[in-house]
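Engineer: Sequence:
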Amino acid sequence: MILQEKFDFPRKELQPKGQKVHVVKYADDFIVTDASREVLEERVKPAVEAFLWERGLELSAEKTHITHINDGFDFLGFNVRKYAGK
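So the sequence shown is numbered by my numbering: it starts at 1 and just counts up by one.
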């Protein structure tokens, strides 16, 4: 729950049904997932930027992507994607 408070996400019981923001982190790398692109662009990204800015850090524009799971992404040397039929 600490990440939800730091990133200003609503508590689980206050989130609309079906909206689930998840954070996966390893050392200084992290991914944030949600079913809605709008939530990621309008709420999550600004919250993450504010969280990092307070600590003198910023998101890398070349490494930050908002993509669909069917298109996939690279994380820690692995390509993560959802394949058809799986």
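Worth flagging that the hints you see were computed from the coordinates, not collected in a lab.
The reader is advised that the hints may include incorrect statements.
[To be verified] Result set (BS3-like, lysine-lysine): computed pairs, CA atoms no more than 25 Å apart in a straight line:
hint, residue 1, residue 2
1, K63, K20
2, K45, K25
3, K20, K45
4, K82, K63
5, K82, K25
6, K20, K82
7, K45, K82
8, K63, K45
9, K63, K25
Engineer: Give me the numbers of the hints this structure contradicts, sorted from smallest to largest.
Structural biologist: none
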